[in-house]
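**Student:** All chains should be built: construct the whole structure from the sequences, respecting the hints.
For reference, the chains in residue letters:
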Amino acid sequence: MLWLYLHFPHLVLDHIRRSGEHVSALVIVEGSGQKVVQACPTAKDLGVRDDMRLKTAISLVPELSIIRADQQQEARILEDQARWLYRYAAHIVLVPPNGLLAEIGSLQRLYGGLSAVWRTLEEVLHERQLTAWMGTGHTPLAARLTARNGVGERTSDTARILQTLSKMPLLAAEFDGRTCIRLQRLGLNTLGEVFSLPPKEMARRLSPETLAYIQKIRGSRPDPQAPWQPPHHFRQQADFVQDIEQSQGLLFPLRRMLSELESDLCWRQQDTDCLLLELQHRHTEPTRLRIRTSGPEHRAEPFLSLVSLRLEQQPLKAPVMSLRLIVKRFLGREAPFKQDLLGENQDLNEAWHTLASRLQARLGDNAMKQLSPRADHRPEWAWSASQVRRTNRVTTTATNQLPCRPLWLLQGPQPLTETPKVWFTGPERISGGWWDGQRVHRDYYVAQLDNGQLAWVFRDIREGWFIHGWFG
Amino acid sequence: MSELLNTLMQDARVWQGHKHNKTTQPAEPTGFQALDNQLGGLGWPRGALSECLLDTPGIGELTLLMPLMQRLSQAGKTVFWLNPPHTPYAPALIREGIDLNQIIMIHTEDKGDFLWTLENCLRSPVTGLVMAWPKKLEAREIRRLQLAAEAGSNVCVLFRERHYAEQNSPAALRLELEPDDQQSLKVNVLKRRGSWPGQRCSLAMAHRASLLHHEAPRIVQGPWPTMAR
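Just so you know, the protein sequences line up as chains A and B, in that order. With UniProt numbering applied, the first sequence corresponds to residues 1 to 472, in that order. With UniProt numbering applied, the second sequence corresponds to residues 1 to 229, in that order.
It is worth saying that the hints were derived from the structure and are not from the lab. Owing to the predicted nature of the structure, the values given are computational and were not obtained by experimental measurement. Even glycine gets a Cβ: it sits at the ideal position worked out from N, Cα and C. Treat the hints loosely; a few may be bogus.
Unchecked claim - The list that follows gives simulated cross-link-like pairs (lysine-lysine, DSS-like), each with its CA atoms no further than 30 Å apart: (1) K135(B) with K77(B); (2) K369(A) with K135(B); (3) K317(A) with K111(B); (4) K186(B) with K77(B).
Said to hold, decoys possible - Not close to chain B: a few residues of chain A, all C-beta gaps over 10 Å, as computed: (5) Q184; (6) T284; (7) S322; (8) R358; (9) R362.
**Tutor:** In structure tokens form, the structure reads like this:
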């Protein structure tokens, strides 16, 4: 087995730099806000060092942007990295706070050798603007140690790896503090010297745990690793150094997130029709926006235009600290409808979905209505309006059997204020609704009013005359 | 005649009213032979605005569009009703043979949304017909709609009040609609592309309420003591 370890020396910095505008100098401080944990290259040029006190850093760089380290955030960012790595390797292990382990022995044949795997990953890292130190090893711990110390090589030769490890100083081998001191007192300086100790002696004089650690590095004791499983939903978050006040400013990070969603969906071979955007504010409840497309979609461009439409409609209620994109609903992708040979037939189905989603995004879900008849004798109950659904159900109604009805139905009956000029057909008695309390008992007539309108009028049981529709 | 005009005439570069050029604009027949004849055998122009100017609904204005709506909905084209004044009554539409799957009713809150929606519908290839009931439109807004209509190739009919007949409008076809005593619809062509306006015709619309001309009113005479209110 061959393991590859990816060590991200400043993962949070990389993440923040990706999701936002260019900021001058940026540091991550520890939870209590006393000490700098990571400093970006710009800050380092200005003299800020890791483990420096924050006050010192601020006096060096007054316009320093500060992010507080958050374990949950780090874990989330690490998981984001695992998600893209999963496209290249199957067996992945998360090593919090900033490492990923991948089994690559089985990938060599797929990619055509170790150097091809290495190169592929380097390209991806570069594309994602991530800094990572890579190292290979015949055991997980060997890979980890070489990577974290920046001495990783692209080799699958166990002897060579052991040789590299042997030269490693004790401090770099990540023993716990007490063990390290005891080993140094024994006069040992490199890992190689520890390796050459007889195991029994080591277990007796140090501790069984230390022996197990050494054996796991060398590979003489199994070190099983539980593989990471990718989640069944898509979730991405962009954190901003400075709060974003204009909704236009959200579009840049959104574009990147949506293109990431697109590649994720492509890779899953699935579509989605519902995006959830969560805008986190500093003091108020997060804004949740649900963006629906009317049909399955996976491309970033239509999503982006829908989101920007929605953001135009809905101004931000407070500055935005971070933006989260969640997709939970995945739909199987249908094979795309091909254009005809000459490429002339536009795909009407797709055009329909585009139009409907645009209209719904701007006007709201309820603005578009589709009409359907209902089996009821009472005119106001004989129809219904429903949300638009593109189903090609076939309505087989014998059209001749339907009674004559006006094309316009008034919202509610209007009192008849004049005597109609001419009376035509009638009466047609409609009586019903005793079963649900909406009693209707009317005689309907067709009559023409003075101004030429052809009206559908009725006389109620309570002796009132009303207009209920126009023959438009 | 001035010399300049003479030269222009000789080069045949002056359009003279008596020469009717057959327009080749795409159009949909209205389904009413009499009206088609008055419109030069064309009908509703596609990729342009049409206006129907009328005082009140209920004079047969929808029946005028029924043949077109039937044809388009059965051909799988969508028919949009934008801000209709009343509810299009589904049982009546079915009776007219219209595929309700293709009928979409949209209500907008303000004029900005209205224009935006109309433009989007006009530009989409799924649209066959857009019927819109605008409240009050300025000339430049109609111009904007006209440009959007040209981008697509569907029929767009705006229903406006009759007093707008005096105002000019960039619409390609303008019809003034009036009812008459025989439940027919009098159509007065105010403007059409490629020829002179002023044609009039009367379309029988009595069938919309299943009435026939020659038939006497089939009303059951009853006591009407309280009818006159």
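**Student:** Now, for every hint given, state plainly whether the structure supports it.
**Tutor:** Structure-based check of each hint:
no.	hint	result
1	K135(B) with K77(B)	holds (26 Å)
2	K369(A) with K135(B)	holds (20 Å)
3	K317(A) with K111(B)	holds (25 Å)
4	K186(B) with K77(B)	holds (29 Å)
5	Q184	holds (75 Å)
6	T284	holds (26 Å)
7	S322	holds (31 Å)
8	R358	violated (6 Å)
9	R362	violated (7 Å)
Checked against the numbered hints above, the structure breaks hints 8 and 9 and satisfies the rest.
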